[in-house]
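Participant: Note that the protein sequences, when read in sequence, are chains A and B. Just so we're aligned, residue 363 is where the first sequence starts under our numbering, counting upward by one. Just so we're aligned, residue 14 is where the second sequence starts under our numbering, counting upward by one.
Everything labelled a hint here was simulated from the structure, so no lab data went into it. These numbers come from a predicted model, not from an experiment. All residues carry an ideal CB built from backbone N, CA and C; glycine is no exception. Treat the hints with caution; some may be incorrect.
Claimed, not checked - Example chain B residues on the side facing chain A (calculated, C-beta under 10 Å, incomplete):
#1 Gly62
#2 Leu85
#3 Leu88
#4 Arg89
#5 Gln90
#6 Leu92
#7 Val95
#8 Phe96
#9 Asn100
#10 Ala101
#11 Phe102
#12 Leu113
#13 Leu119
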Amino acid sequence: MGYTFQFGVVLDALPDLLSGAAVSLSLAVASMVVGMLLAAPLAVAAAGRNLAAKTPARAWIELARNTPCLAQIYAMYYGLGAVGIFMPAWAAVFLAISFNNAGYLAEIFRGGLNGINANQFKASRSLGLTPAMAYRYVVFPQVFRNTYNSVSNQFIWSMLNTSLGALIGLYDLSGVAMDYQMRTFKTFEFFLAIAVAYIVLAKLIMFGMRFLKPGGANA
Amino acid sequence: MISIQNVHKSFGQLEVLKGIDLTIERGEVVTMIGPSGSGKSTLLQCINGLETINSGEIHVDGTSVFAPDTDLNKLRQKLGIVFQSYNAFPHMTVQRNVTLALRKVLRLPRAEADEIARRQLDRVGLLAKADVYPGALSGGQQQRLGIARALAMSPNYMLFDEVTSALDPQLVGEVLATMRDLSSEGMTMIAVTHEMKFAREVADRVVFFDKGVIAESGNPEEVFLSPKSPRLKEFLSHSQF
Ligand SMILES: Nc1ncnc2c1ncn2[C@@H]1O[C@H](COP(=O)(O)OP(=O)(O)OP(=O)(O)O)[C@@H](O)[C@H]1O
Ligand SMILES: [Mg+2]
Numbered sequence: 363m364g365y366t367f368q369f370g371v372v373l374d375a376l377p378d379l380l381s382g383a384a385v386s387l388s389l390a391v392a393s394m395v396v397g398m399l400l401a402a403p404l405a406v407a408a409a410g411r412n413l414a415a416k417t418p419a420r421a422w423i424e425l426a427r428n429t430p431c432l433a434q435i436y437a438m439y440y441g442l443g444a445v446g447i448f449m450p451a452w453a454a455v456f457l458a459i460s461f462n463n464a465g466y467l468a469e470i471f472r473g474g475l476n477g478i479n480a481n482q483f484k485a486s487r488s489l490g491l492t493p494a495m496a497y498r499y500v501v502f503p504q505v506f507r508n509t510y511n512s513v514s515n516q517f518i519w520s521m522l523n524t525s526l527g528a529l530i531g532l533y534d535l536s537g538v539a540m541d542y543q544m545r546t547f548k549t550f551e552f553f554l555a556i557a558v559a560y561i562v563l564a565k566l567i568m569f570g571m572r573f574l575k576p577g578g579a580n581a
Numbered sequence: 014m015i016s017i018q019n020v021h022k023s024f025g026q027l028e029v030l031k032g033i034d035l036t037i038e039r040g041e042v043v044t045m046i047g048p049s050g051s052g053k054s055t056l057l058q059c060i061n062g063l064e065t066i067n068s069g070e071i072h073v074d075g076t077s078v079f080a081p082d083t084d085l086n087k088l089r090q091k092l093g094i095v096f097q098s099y100n101a102f103p104h105m106t107v108q109r110n111v112t113l114a115l116r117k118v119l120r121l122p123r124a125e126a127d128e129i130a131r132r133q134l135d136r137v138g139l140l141a142k143a144d145v146y147p148g149a150l151s152g153g154q155q156q157r158l159g160i161a162r163a164l165a166m167s168p169n170y171m172l173f174d175e176v177t178s179a180l181d182p183q184l185v186g187e188v189l190a191t192m193r194d195l196s197s198e199g200m201t202m203i204a205v206t207h208e209m210k211f212a213r214e215v216a217d218r219v220v221f222f223d224k225g226v227i228a229e230s231g232n233p234e235e236v237f238l239s240p241k242s243p244r245l246k247e248f249l250s251h252s253q254f
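Bound-form chain A, shown alone:
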C-alpha cells in the first residue's frame, strides 16, 4: 500500500502557514537589525587594543560562533527560566538569534575594518568628527559595502536558524508545520510546503537587501 500525496491539507492550513511565515520573517529581520547594531561596536572593540573592551567582545564572538544555535535558544528559554527569568518563545528566539548574529557579523565587520585605510578615520577626526561619528558616517558605510555579500548570507542563515524555535514551541513556519503534521500525519506534504516557503523567504530577503546595497539596487 503506497503513500498518497494529499496537498489539500496543506491548503487548509494555509492561513496558519502564512502567519507562521510572517513570524519567521519578522524574527529574522528584527534579530538582523539588532545583530548589526551590536556587531558594529563589537567589531571595533575586538579589533582594538583596549583590553577592557576587547576581552568581552572576543568572548561574545567566540561563544556566539562556536556553540550550537539551538543551545543558545535553550539558554535563553530554559537557562534564564531556571534563574527565574521567563519569556515567551518568540522573545527567546529573538534574543538568541540576535546574540548569534552579533557574533558572526562582528567577525565579518572586523575583517571589513581591516580593509579600510586608517587614514579615513584620521581624516574624519581631523574635521572634528567624534570617533562615533567617524565610524557611523565614514568607516562603517564602507565596511558594509565591502562585506555586503557576507552580511546577506548571514541574514539568510539566521532566518533559517529561527526554525529551531519550533523546538521550544514557537509557532513560526516550522512550528506550524510540526503541529499540523502531528495532527494529520501528512509529514511529507507539510515539510515540502515549508521548504518552498523558506526558499521564498530567502529570495525575499535577497530582494530586500538589494535596496540596502550601497549604490542602489542596480549597482
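Given the coordinates of chain A, assemble chain B with the ligands onto it according to the supplied hints.
Facilitator: Chain B with the ligands only, in chain A's frame:
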C-alpha cells in the same frame, strides 16, 4: 597663533621629535623641509592632537592642545589638515565629502552646508565635479577636494603634509596653485613639502627639519641662499629651487 614649546615625542623606543620650539603667527606662511623620517608629519599631527606628545606644550590661539579639558573636536575646526595620501571619502559624492562635517559637527542646515560646499568647491575649481564620486577624480582633483573639505570649516590655520608628493608631475602645479591662492588671501599655513621652488616662493619662513630637531630656520633667502649647517647644505644640494 600656534606656539610649540619643547615638544618631545617617541614611538616606543624611537624618539621622533627631540625638543621642537616653533611659533607661527596669524597670517604667516611657514614651509617645512627636511629629509624623510625627520618628524615633519608627526609634528603636524601633534598640532591638531591626532598624535599625542610625551612632553612639552602646544597652544593654538591660547588653547593647550593636550590639556585634559580641551575639546579637541572643537579645536580641530580651527585647524584644517590635508594629507599626502588622498583621503576623500569614497562612498560620498564630492559635495557630500565637504558637507559631512558641516552637517554633523557644525550642525548646519542642509541648504547652508550645500551653499558653503559649493563655494569652496568653486574656489578650488571643482564645482563641476560636485555630484561625482571621488573615484572619478584625478589625484590632483582629490587633493583639491581635501583642501576644499578642510576650508569649508573656516579654519584659522591650514596644515599641508606633502600634498603633492603622491601626484603625477603634471598634476602638481594645479594643487600648488590652489595653495598659492590661499596664501595670497592671507591664510595662515604650515606646509611640509618636497617642492623646494614652492617652499621658497610661498614662504615667509622656512624651517629645516633634521633627525627630530629644527636644524635651521629663517626667511627663504637665508635658508636657501646662505644655509649655515652642513646638513642643510647637503640637503639642498640634492634639490633644485
Ligand atoms: N605611527 C607610528 N608608529 C611608529 N613609528 C612611526 C609612526 N609614525 C611615524 N613613525 C616614525 O617616526 C619617524 C618620523 O616620521 P614622520 O612621518 O614624522 O617623518 P617625515 O619627516 O614626515 O618623513 P617623510 O618626509 O618621509 O614624510 C619615522 O622614522 C617613522 O618611521
Ligand atoms: Mg611625512
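Participant: Taking the hints in turn, state whether each one holds.
Facilitator: Results of checking the hints against the structure:
no. : hint   : verdict
1   : Gly62  : holds, 9 Å
2   : Leu85  : holds, 8 Å
3   : Leu88  : holds, 8 Å
4   : Arg89  : holds, 5 Å
5   : Gln90  : holds, 5 Å
6   : Leu92  : holds, 8 Å
7   : Val95  : holds, 9 Å
8   : Phe96  : holds, 6 Å
9   : Asn100 : holds, 4 Å
10  : Ala101 : holds, 8 Å
11  : Phe102 : holds, 5 Å
12  : Leu113 : holds, 6 Å
13  : Leu119 : holds, 8 Å
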